[in-house]
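Given the sequences, and given the hints that come with them, work out the whole structure.
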Amino acid sequence: MEVIEIRVGDKSYERLEELYNEILLKAFPDGDELESLDNIRFYLNNAEKLRAIKCNYHILACIIGDKIVGGLIGDYYASCNSCLIEYIATDYNYRGMGVSKKMLEYFYSLQKKNAINNGKREIDYIFVECENPSKFNDNVNMIKRIQYWNHLKYYKLDFKYIQAALDKEKQSIDFLNLFCYVNNRSLGNEVSRENIFKFLHDFQKYSLGIKNPSNHKDFIKMLEENTEKKFKILPQ
Numbered sequence: 013m014e015v016i017e018i019r020v021g022d023k024s025y026e027r028l029e030e031l032y033n034e035i036l037l038k039a040f041p042d043g044d045e046l047e048s049l050d051n052i053r054f055y056l057n058n059a060e061k062l063r064a065i066k067c068n069y070h071i072l073a074c075i076i077g078d079k080i081v082g083g084l085i086g087d088y089y090a091s092c093n094s095c096l097i098e099y100i101a102t103d104y105n106y107r108g109m110g111v112s113k114k115m116l117e118y119f120y121s122l123q124k125k126n127a128i129n130n131g132k133r134e135i136d137y138i139f140v141e142c143e144n145p146s147k148f149n150d151n152v153n154m155i156k157r158i159q160y161w162n163h164l165k166y167y168k169l170d171f172k173y174i175q176a177a178l179d180k181e182k183q184s185i186d187f188l189n190l191f192c193y194v195n196n197r198s199l200g201n202e203v204s205r206e207n208i209f210k211f212l213h214d215f216q217k218y219s220l221g222i223k224n225p226s227n228h229k230d231f232i233k234m235l236e237e238n239t240e241k242k243f244k245i246l247p248q
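The sequence shown begins at 13 in the numbering used here and counts up one residue at a time.
Treat the hints with care, as some may be off.
[As the list claims (entries may be wrong)] Beta-carbon label-pair distances, calculated as ranges: (1) G200 with N57: 36 to 46 Å; (2) D186 with K79: 28 to 38 Å; (3) K38 with K241: 40 to 50 Å; (4) G108 with S226: 39 to 49 Å; (5) D44 with G131: 30 to 40 Å; (6) A177 with S198: 28 to 38 Å; (7) K61 with I155: 35 to 45 Å.
Source of the hints: derived by calculation from the structure; they are not laboratory data. Positions of the beta carbon are idealized from the N, C-alpha and C atoms, including for glycine.
Given below as structure tokens:
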């Protein structure tokens, strides 16, 4: 089992479409929840430009033999010294074999380097989106995913979250919860208003391509609906 980072100009880049079609598309069939392959290519092709403005974009693939069995896409945002796991998925036939664990370990090592390069000792927060099972009738798999993240000490953030549309052809969605892992234990079990909105601003700007997030309707709505100075992380 090997984890590789897919990079432009590298032989690994040739396998991006395979990763998308065989892993991500099957794991995220809702069109509003998954970036298009063209968008993912665009972000990866512009990774160096993003890095210059303190946003690091990573695509990982887990390979057994010559088969891609898992994938992870994540970002690091220097302004809040935090990162987001956008997508993580494992081929159904390879679940329970430590594929996700292997990818997360690799991802964490990249994020530690990002933090050090940003003048920090470690990452502050790691965020991940999870479906809200209360908004679905068939929610068994969603509950299992939440249990998986809880096992890794990612817990729901007490925050009304809206994911802005991934592109002009898609819709914004409000059936996701934002989960958080506190990597810097000195921060306690809360995220400040300043940090959460720094994170959301950079996520919308650099990962969703929204030029001015502060004026975007979904960003404004989150500002209006989340007025607390700090947001609790809720162990479940």
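Tested hints:
The hinted window of 36 to 46 Å between G200 and N57 holds, with their beta carbons roughly 39 Å apart. Checked against the hint of 28 to 38 Å, the C-beta distance between D186 and K79 comes to roughly 36 Å, which is consistent with it. With their beta carbons about 41 Å apart, K38 and K241 fall inside the hinted range of 40 to 50 Å. Between G108 and S226 the C-beta distance comes to about 43 Å, which sits within the given range of 39 to 49 Å.
For the pair D44 and G131, the beta carbons lie near 37 Å from each other, so the given range of 30 to 40 Å is met. Between A177 and S198 the beta carbons are some 36 Å apart, a value that agrees with the proposed interval 28 to 38 Å. Between K61 and I155 the beta carbons are some 39 Å apart, a value that agrees with the proposed interval 35 to 45 Å.
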